[in-house]
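Enquirer: Now for the letters of each chain:
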Amino acid sequence: MTQLIEERYFSSDPGQRQVARSLYEGVKDLPLVCPHGHVDPRLLANENYDWGTPVDLLIIPDHYIFRMLYSQGIELDALGISRKDGGAVEQDHRKIWQTVCDHWYLFRGTPSSVWVRDSLRDIFGIDEKITSENAQSLYDAIDAKLHSSEFQPRELFHRFKIEVLATTDAATDTLEYHQKIRASGWSGRVVPTFRPDAVVNVLMEGYAQNIQRLSEVSGIDVTDYRSYIAALEQRRRFFKEMGATATDHAAPIAYTGQLSEREAESIFQRALKGDASAEDARLFTGHMLIELARMSVDDGLIMQTHIGSYRDHNPFIFERFGRDMGADIPTASEFTHNLKPLLDRFGREKNFTLILFNLDETVYSRELAPLAGHYPALRLGPPWWFYDSLNGMRRYFENVVETAGIYNTAGFNDDTRAYPSIPARHDLWRRACADWLAGLVVHGVVDEDDAHEMAVDMAYRLAKQTYKLEQ
Amino acid sequence: MTQLIEERYFSSDPGQRQVARSLYEGVKDLPLVCPHGHVDPRLLANENYDWGTPVDLLIIPDHYIFRMLYSQGIELDALGISRKDGGAVEQDHRKIWQTVCDHWYLFRGTPSSVWVRDSLRDIFGIDEKITSENAQSLYDAIDAKLHSSEFQPRELFHRFKIEVLATTDAATDTLEYHQKIRASGWSGRVVPTFRPDAVVNVLMEGYAQNIQRLSEVSGIDVTDYRSYIAALEQRRRFFKEMGATATDHAAPIAYTGQLSEREAESIFQRALKGDASAEDARLFTGHMLIELARMSVDDGLIMQTHIGSYRDHNPFIFERFGRDMGADIPTASEFTHNLKPLLDRFGREKNFTLILFNLDETVYSRELAPLAGHYPALRLGPPWWFYDSLNGMRRYFENVVETAGIYNTAGFNDDTRAYPSIPARHDLWRRACADWLAGLVVHGVVDEDDAHEMAVDMAYRLAKQTYKLEQ
Amino acid sequence: MTQLIEERYFSSDPGQRQVARSLYEGVKDLPLVCPHGHVDPRLLANENYDWGTPVDLLIIPDHYIFRMLYSQGIELDALGISRKDGGAVEQDHRKIWQTVCDHWYLFRGTPSSVWVRDSLRDIFGIDEKITSENAQSLYDAIDAKLHSSEFQPRELFHRFKIEVLATTDAATDTLEYHQKIRASGWSGRVVPTFRPDAVVNVLMEGYAQNIQRLSEVSGIDVTDYRSYIAALEQRRRFFKEMGATATDHAAPIAYTGQLSEREAESIFQRALKGDASAEDARLFTGHMLIELARMSVDDGLIMQTHIGSYRDHNPFIFERFGRDMGADIPTASEFTHNLKPLLDRFGREKNFTLILFNLDETVYSRELAPLAGHYPALRLGPPWWFYDSLNGMRRYFENVVETAGIYNTAGFNDDTRAYPSIPARHDLWRRACADWLAGLVVHGVVDEDDAHEMAVDMAYRLAKQTYKLEQ
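Chains as they are written, first to last, in the working numbering: chain D, 313 to 783; chain H, 313 to 783; chain C, 313 to 783.
These are computed hints drawn from the structure, not numbers from a lab. The hints are all genuine.
If chains are identical, the list can't say which one is meant, so a pair holds when it fits in one copy or spans any two.
No farther apart than 25 Å at their CA atoms in a straight line, the calculated lysine to any residue pairs in the SDA-like style are these:
id : residue 1 : residue 2
1  : 441       : 710
2  : 662       : 372
3  : 441       : 761
4  : 652       : 562
5  : 441       : 773
6  : 652       : 389
7  : 585       : 522
8  : 662       : 401
9  : 652       : 631
10 : 396       : 364
11 : 776       : 417
12 : 652       : 592
13 : 457       : 437
14 : 473       : 431
15 : 652       : 564
16 : 457       : 364
17 : 652       : 622
18 : 473       : 333
19 : 662       : 631
20 : 652       : 565
21 : 441       : 456
All figures in this text were calculated on a predicted structure; none of them were measured in a lab.
All chains should be built: construct the whole structure from the sequences, respecting the hints.
Expert: Okay, here's the thing in structure tokens:
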């Protein structure tokens with residue numbers, strides 16, 4: 313059993329496993345580079361952070377977990393998820409925890425089950441299987457740890473060997489917590505990421521208010537497309553001063569297309585009045601992706617795009633609980649035609665890097681690897697969201713690397729809200745890489761020396777280099 | 313060789329194989345739950361059923377087999393398939409059998425070859441490879457068995473340990489054979505399934521006659537959309553009285569969309585006159601899927617949809633031989649947008665289950681698993697048709713379970729017309745499950761206790777629960 | 313290490329590996345049938361061919377290699393690729409070679425790296441890893457071999473055991489080098505393939521001149537659609553006389569659709585004036601695919617289609633360097649609907665074979681295998697381009713064979729410009745087949761006798777039979 317834990321996620325073939333283990337040994341203790349994720353900077357701004365209960369830590373922020381429970385008939389109210397209208401939800405966290413443990417069997421075979429298991433064992437020192445029976449004693453054990461000083465986020469940051477952690481922040485964010493972290497003199501490196509979705513997506517609820525807020529924080533009175541662009545550029549400068557090396561952009565599809573300034577202005581004005589159509593949104597986002605790429609060419613910020621999620625698919629959940637509630641569903645993507653206008657302008661730029669994330673695995677081998685294997689500006693992000701998993705990684709390696717190599721990828725990022733799960737996620741990736749590389753070795757595709765180099769590149773160097781985090 | 317047969321379909325890695333074998337031991341003798349298939353109820357209505365020849369049993373009803381032979385230049389006439397015009401086809405079943413055996417090499421590596429091989433060995437006790445040379449002696453051996461009393465369908469039913477068998481029946485079917493089975497006092501449980509395609513798809517040849525027939529069997533004079541709906545509801549009540557727990561619906565695409573009653577009426581009237589267009593069919597089917605879901609919410613019948621087949625792709629084959637002649641070709645599917653109108657209305661219903669089957673494997677990880685991993689009403693059917701195979705099952709497990717878990721799936725169903733192949737098909741599934749679960753165990757994803765539970769769930773419980781067959 | 317080389321690309325499971333080795337032994341020395349590729353016939357027309365430098369041999373003609381280098385910021389000029397405008401590019405081939413070797417790590421895990429490694433070892437006798445350090449000594453070693461008489465293309469042809477090699481030639485080609493090969497009395501069999509893309513794709517630059525050239529070589533004054541068709545038929549006769557057994561056709565999508573002669577004429581006339589639109593091109597290509605199929609039914613030439621490449625995606629590269637410069641990107645394909653008009657007319661023809669190649673792997677199991685597993689006229693080509701790789705082959709086997717069997721495939725072809733890599737490519741295929749078949753054996757799907765037969769079919773017979781190369 314100990315051996316099984318130590319060699320988890322490796323091939324059961326003894327030859328491959330031995331090589332995998334050796335490759336893993338070479339990377340398991342490397343620092344963690346976390347260039348994209350959703351950790352709340354408040355955790356690290358506060359020297360005495362209060363984690364709340366095990367449910368606050370592990371359930372309420374984790375849409376992977378409550379989506380699965382919801383799919384089996386457990387209402388989000390019963391899991392303590394806050395309602396937008398402030399209506400009553402379950403407050404008894406011991407009861408919620410019991411409900412979760414009673415249904416933990418639902419997660420058999422899922423990434424959530426192994427992230428939680430590995431985190432409990434490796435971070436909390438709790439090596440027990442989650443069951444109905446031990447739910448309350450587990451709760452006690454986790455709760456006790458949470459209130460110990462070694463579980464303070466800053467302590468964990470060092471214990472996790474995080475070299476750098478990037479958060480994801482709205483364009484209108486004042487980065488108050490990042491400022492606080494800097495001012496505190498603490499040694500951990502935490503950088504923001506510029507994510508202007510709420511002022512780019514003209515269908516976002518409250519778009520005019522978001523623009524109003526943009527005016528306020530930028531000090532530029534945004535009344536038209538030109539001042540809008542100027543304000544975005546101002547914010548980027550501010551983020552860069554605060555340590556940002558990257559931007560991030562979500563879009564339902566990868567469409568890009570240049571509008572005339574007149575067209576852009578016209579849509580922008582409709583959006584301010586709340587009159588923008590779905591087609592306006594498509595065109596404006598497609599235009600802005602090119603414009604944001606242009607800004608990246610100018611200011612050197614790495615550009616990330618996350619494409620393909622149909623957000624808030626379940627209107628009941630959206631109305632009652634809001635965004636990011638486990639009701640986002642992937643859709644088919646197309647990049648070869650859609651990305652061409654942007655690539656025609658900036659695909660050859662050597663000082664520009666565009667990292668692509670997407671939720672349609674069929675484009676890995678068909679479009680993304682061929683594109684990244686040609687255009688100097690492109691890099692492929694690691695498998696995202698539902699595919700941040702053992703099988704998702706295997707499919708990614710098998711479909712991407714033969715055409716793009718590993719050096720047109722951006723290494724790994726954990727993309728997580730769940731701070732204590734960061735080491736488990738990197739460890740899964742490192743093990744999956746080691747096992748895949750071991751497969752290449754025992755099949756005679758690469759030699760063991762190259763495999764060791766590749767393991768380090770995939771675990772550490774590629775993320776650091778791609779996101780310009782070498783300093 | 314004996315060992316190879318006993319451990320067929322298991323990994324060749326000794327560690328994984330040992331676990332697979334142990335998991336398989338725990339499920340191989342469980343009863344068979346068959347909640348969806350196409351067995352003719354006449355087989356079981358008749359105490360002295362005449363199977364006909366080995367060709368009647370194994371070739372003529374099996375479009376998997378004659379499609380492959382046709383693809384290599386053998387005309388269906390030469391295989392004894394009846395022509396719609398009553399024209400002459402090959403009558404010499406020994407000659408047909410010889411033709412099949414002469415070309416049996418075509419099936420190397422296909423599911424048909426292993427189903428037939430496993431059925432011959434396990435059901436008929438014939439452990440010989442099919443070749444040109446032994447064609448006639450095989451014919452003799454099969455023929456002899458077919459005419460023995462132990463091969464009577466009801467005998468086989470018990471020998472196969474079938475706990476329940478659902479047939480698939482037109483909405484206008486009087487269920488005469490089901491009535492006969494019930495009346496006979498025989499202990500086997502055989503239930504119908506309500507499949508109203510011929511009165512829902514307005515392009516179906518003879519649509520008006522089908523509606524006329526609906527009037528007759530329902531006792532409701534169907535003259536407009538309202539009486540049409542009433543007649544469907546009447547038939548559902550009748551099917552339910554006859555033991556049905558489920559309905560089934562085929563559609564080329566997953567489109568759903570509510571029509572006004574006026575629009576629905578208008579299309580229905582055009583259809584009665586034979587004037588419905590392709591667009592009418594798309595809209596009416598999309599509307600009826602929602603309406604049929606509404607009926608399921610009301611009467612509790614499980615709803616199945618089979619999406620994505622381009623039926624009767626080869627016009628020559630359709631004109632000469634009719635439907636279901638191996639000329640159905642899958643097409644790309646989309647669920648995230650298409651299913652939303654239905655899910656907006658009924659996706660959260662706890663007393664409603666919609667089981668999705670489809671023929672586009674790219675939607676497993678991209679759309680189906682995320683949808684089923686969120687919406688309480690959704691379950692995923694097992695891999696269908698061309699994917700009811702070892703590789704099809706592996707891809708299904710690898711693409712579905714990480715996101716949806718196994719508890720948002722509907723277990724297995726054999727979906728077969730070929731009654732004697734039922735045990736071979738369940739056995740293949742059980743072995744494939746055991747091997748996949750063994751992989752999870754040796755990779756340290758689940759422990760062996762959980763794997764045993766999951767094996768039983770996948771082999772038996774999930775189908776029984778999902779289709780409400782617990783009684 | 314020697315063992316690893318001998319058993320490269322086989323499973324690391326000892327059981328499977330042993331069977332794979334045995335299957336491979338049965339096919340490794342079979343002659344090479346090369347029914348589709350892009351070798352320049354000049355190589356074999358000339359008794360004293362000058363290969364030029366190692367860079368002329370291995371880098372400049374290989375878009376797999378320079379695309380990857382380009383993706384990492386190395387300009388094609390620096391790799392000695394000729395510019396259309398005749399502008400200066402790097403001329404120092406030793407310097408180019410050093411650049412390539414300095415960046416050879418980029419190819420880790422790619423097919424290029426194993427093709428080059430295997431070719432150097434097996435053809436050149438150079439068993440060294442490519443590194444920065446040994447770049448110049450490798451250059452010397454390759455250069456020396458290239459100028460030895462044993463490296464003359466005709467010598468290699470026999471050493472490689474090439475039974476027949478098909479080139480790919482424009483419809484307007486006079487086949488002068490094929491004539492020269494014939495006239496020389498040399499025993500090697502080299503045949504042309506009729507590829508009329510430049511006179512079928514009405515958007516091709518210089519379309520009118522291409523048609524003018526067609527008039528000249530055919531001796532038919534092409535002024536309208538009818539004379540155009542007559543000229544194509546004349547060229548096909550000529551190619552057939554010169555030994556051709558096949559035609560080949562590229563198209564961005566698989567669309568087929570019959571035009572009236574009047575519509576075809578109208579588009580053709582617009583094309584001659586340079587006025588054809590993108591829609592004209594789509595319709596005319598779709599029409600001509602049917603017309604070319606009709607010609608194949610008449611003259612017996614095997615028809616190949618290569619579907620799904622967005623050619624010359626990077627406008628800068630196209631303007632500066634021209635076609636086939638590593639900037640072609642795959643797109644999604646659809647066959648079920650698109651191919652129906654062609655199949656309705658010729659899908660049942662027994663004297664017609666249409667071999668489908670495509671770049672969208674999602675259609676393997678969903679559309680191509682079901683179509684090829686039904687229509688007598690269809691065969692599936694081996695995995696193409698980016699998928700001519702270990703993983704590409706595995707995915708192809710796993711997705712195609714269960715539904716179509718291997719006997720609806722066309723065996724292997726190397727599709728290469730890189731003459732010295734031909735044995736390495738066939739060897740990779742043979743090893744991949746052996747390993748996949750060994751998997752079927754150890755999983756109890758086929759027996760070892762069948763696997764041996766299948767191995768020979770896949771390595772040799774299927775290509776020979778499908779392309780009518782038995783003589």
